[in-house]
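These protein sequence lines map, in sequence, to chains G and E. Each residue of the first sequence is one higher than the one before, starting from 0 at the first, in numbering that gives the first Met the number 0. Each residue of the second sequence is one higher than the one before, starting from 0 at the first, in numbering that gives the first Met the number 0.
Each hint can be trusted.
Example chain G residues on the side facing chain E (calculated, C-beta under 10 Å, incomplete):
#, residue
1, Glu320
2, Phe360
3, Leu375
4, Val405
5, Val423
6, Ser429
7, Pro463
8, Arg471
These are computed hints drawn from the structure, not numbers from a lab. Treat the numbers as computed from the prediction; the structure is a model and nothing was measured. Cβ atoms here follow ideal geometry from the backbone N, Cα and C, with glycine treated the same way.
Residue-level listing of the chains:
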Amino acid sequence: MSSVDFTALMPLLIISVSSVIILLNVAMKRNHFVSFLLSLIGLAVAFVSLWSAGTVAPRQVTPLLIIDTYALFFMGLIFVASIVVAILTYNYLRYHEGAKDEIYIVLMLAVLGSGVLVSSTHFASFFLGLEVLTISLYVMIAFLRSSEFPLEAGIKYLILAAASSAFLLLGMALLYGELGTLQFADLADRIASGPGENSLFVLTGTALLLTGAGFKLAVVPFHMWTPDVYEGAPAPVTAFIATVSKGGIVALLLRYFLLTSGYSLNTVLIAIGFIAVASMFVGNYLALMQENVKRLLAYSSIAHLGYLLVAFVAGGALAVEAISYYLVVYFITTLGAFGIVSLLAETGSEKTSIEDYRGLFWSRPWIAAAFTAVMLSLAGIPLTAGFVGKFFVVTAGVSAAQYGLVILLVVNSAIALYYYLRLVVAMLSSPDGEEAPVLPGISLSGKLLLVGLTGALIYFGVYPSPLVQLIRDMMAAVL
Amino acid sequence: MILLWLILIPIIGGVLAWIFGKVNPLLSRWISLIAMILDLILAVVIWIQHPAQIALENQGGWLLQFQAPWIPQYGIGFYFGLDGISLLMVLLTAFLGVVSVLASWSDIRERVGFFHFNLLWILAGVTGVFLALDLFLFYFFWEMMLIPMYFLIAIWGSANRIYSAIKFFIFTQASGLLMLVAILGLYFTHFQNTGVYTFNYTELIGTSIPSHLAMWLMLGFFIAFVVKLPAVPVHTWLPDAHTDAPTAGSVILAGLLLKTGAYGLFRFVLPLFPNAAAQIAPFAMILGAVGIIYGAVLAFAQNDLKRLIAYTSVSHLGFVLIGIFAFNELAFQGAIMTMICHGLSTGGLFILVGIIYDKIHTRDMDRMGGLWESVPRMGAVAMFLAMASLGLPGLGNFVGEFLALIGAFQVNIPVTAVAVVGLVFATVYSLWIIQRTFHGEQRESWELPDLSIRNLAVMASMIIILIWLGLFPKPVLDTARPALQKIERGIIPISQVEDQTPNPGMSRNLSDNPLHIAEPVNHNSAEQEGT
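One chain only, chain G, in its complex shape (with noise of 0.2 Å):
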């Protein structure tokens, strides 16, 4: 490797070194305020260290990894959200008993995982990063051993996860055994050359391996521990899930679809079609019936990746925009409502019950407008960046003359009005009897982090412009 490589694979590379110091750190004397500090400089740097990567993108670095724009801008992604999370976690375990510096160490693997994912153009590559992902969220879900709810959500994911992964591995197996290779961009010219389309193989090999990411992405009708696991994990990691996990595998997905030309296996398509489809209906139908917060935004993000694939299955430029910014809103919006939920929280138990947020509006004006804010985005309602992300999704699909996707995602949509409107409402009728429940204050990073997400929620629904712009430089390099 010369040392260009090293300078493209910097951001990961740091990411890697940050979590041995935490740990060395952690050895040597348990703090929990240093522990976050270093996780803290350790994405920043990561994330001031892309613009260097940026000179020299793109550049395949081994066969397994290429860091270009597109790996670039996910990654920057990743490293924000896993900032909002870091913040957030230090302030949800602050009062917390019992160890607590382990959970930045895997924070940061996971990380790493993630990062290797959006870079990676190899069957190895991937599974290494999904598996280093994967196996770092069993350890932050089940982090808080002293209640029973996160154990138990823990080991269903470790369950369903090691599952997947066998499905996954399958897939590539059966992949490999048809087209003797691994690597992405080969995959398409066997295939065209070799047994076509059509192959048992390939489409079986693709579909094992559309069932493993499905997993991961908790899309219908692979979807069944999503609502356990995000009500069980403590809420900072769930935001974890939602976002950083999520989106790595999308921008993986995308990046196969691409070099692959996945894009001409129509049974694939349509198949993916049928999954969006069922994630809006049932992501939304189920929502509809939850009194619990953190089980409603699981749903609720069943349904908004089902929104995701309707531009996926669209394809084409303005698909891979569309997908990008609605993963940029997504990451906000959810870490916005997992981060208030998060922040709430008191020690030991956190406020789940829309109950518990009745009468917000009037008791903590300033956390209940922005609370308001990310579900009228997550609604897609303009002024807030879910608009302009929903705009670019809807107008993706009509350019693809998607027509009947389409048309399901707006019923969709106003099926899900009503539950986002439910909780605006609760937070807004005034509180029956004489007690209001009070909620408790949030800390002054806590303040800023809502202040800043829900400024870039505004900032981009009102003026999306640079950010369009921004995607649209970024993904030149995978069209």
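Dock chain E against the given chain G, drawing on the hints supplied.
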């Protein structure tokens, strides 16, 4: 720039009202009032300075324009333009804005600052809808006005407010998304024809669309607008929303939000899809006639005074729908006139109901009766507004409905005949309101104060305008005429399309359409701002 200020004043006013509402509720009332008066003055100044016909020919039909880039990558811009129709609607918006601030002066006592924030933001959104000439921008404002309206109903509404607010929101949002899909369909069709991505109305207006696709796209717009209008059978959100909204909310709903639907038909459905619109015109006129009769019959069956007035809106807006789809200038003028006068008379009635409800805490007409003795002034005003609503000659509503019917008669006699029956029904329910609330024996001895000076002034201004429009409607008709004639010219009745033009009317038809002159439009905007 002046156009931008029309929208910015309520937006800024709303934020200030919210901030200062924490200090003193009265301050936020005054800020809102001043903001809306400024807006009204601005609109009136534009009206006086720009006699509509003069500016018409050399500006592509727009009296004023404002253009700035927004999301250039997708061809989206801040493009506002004002012609006769939008000018009248903006005047109505600003006037009803002032009225609704005054109407909630003593009505709203809780969370005053946030209330006025929502009120002014709705007005800003409505103004934006009336001015936007970029389809994305239009959709943006179309959705933006819903949120504050939702809050208005959900927080300050009466008993069943949450249900009504959510119903209102889902109906309008879902239909709005259909319109978004249609907008995008138009956008990509235009791209396929010309290779240019743009949401600019003046450029999209010439797009030639395959006729089956045009029908679908037109329906996307049409559904969104008739839900707002509302036409039977998608009117069911309206009685609930009107009934449970606070007084100012009802005034704005009836006076402005319904009008955005009619405005959308004028601005987008007719010029963008002339042939498809001509094809569904008979159907739309039947919908209008059904709405007139259905609304009137249901109004007659109500006990709740506010609900009754809500159903009369369904009936009156039926005339608007008939007028729009009659495709001649007389009917168009009638529709515009009806929109304005319905906003005033129904708004006034809602304010009266609000005052009564505030004092006796019921809207059940069975418990009223004989109120005239204790509140003669209110009774007289109600009598006047009821007369206006039933279409008494000499008042504005008569002019509007009469013109709409004359226009429709030339096109479709059976529908017109049915619609005329609606006028008889209107007489019945209007007199019924007065009979049951103000006349007869007092069933429960209510003690309520008569109209205050403030409310009397509001009512007086509405009454004066209604009489003015009834006796001398010329200024309004003149203002709207150029824009309406242009729309009329853009449409060729379906029979003529088949008869005379071998190649479909679209291309021929648009070449002599002055709206289509896109280039001078862009250049003039800068100089235009200065004036």
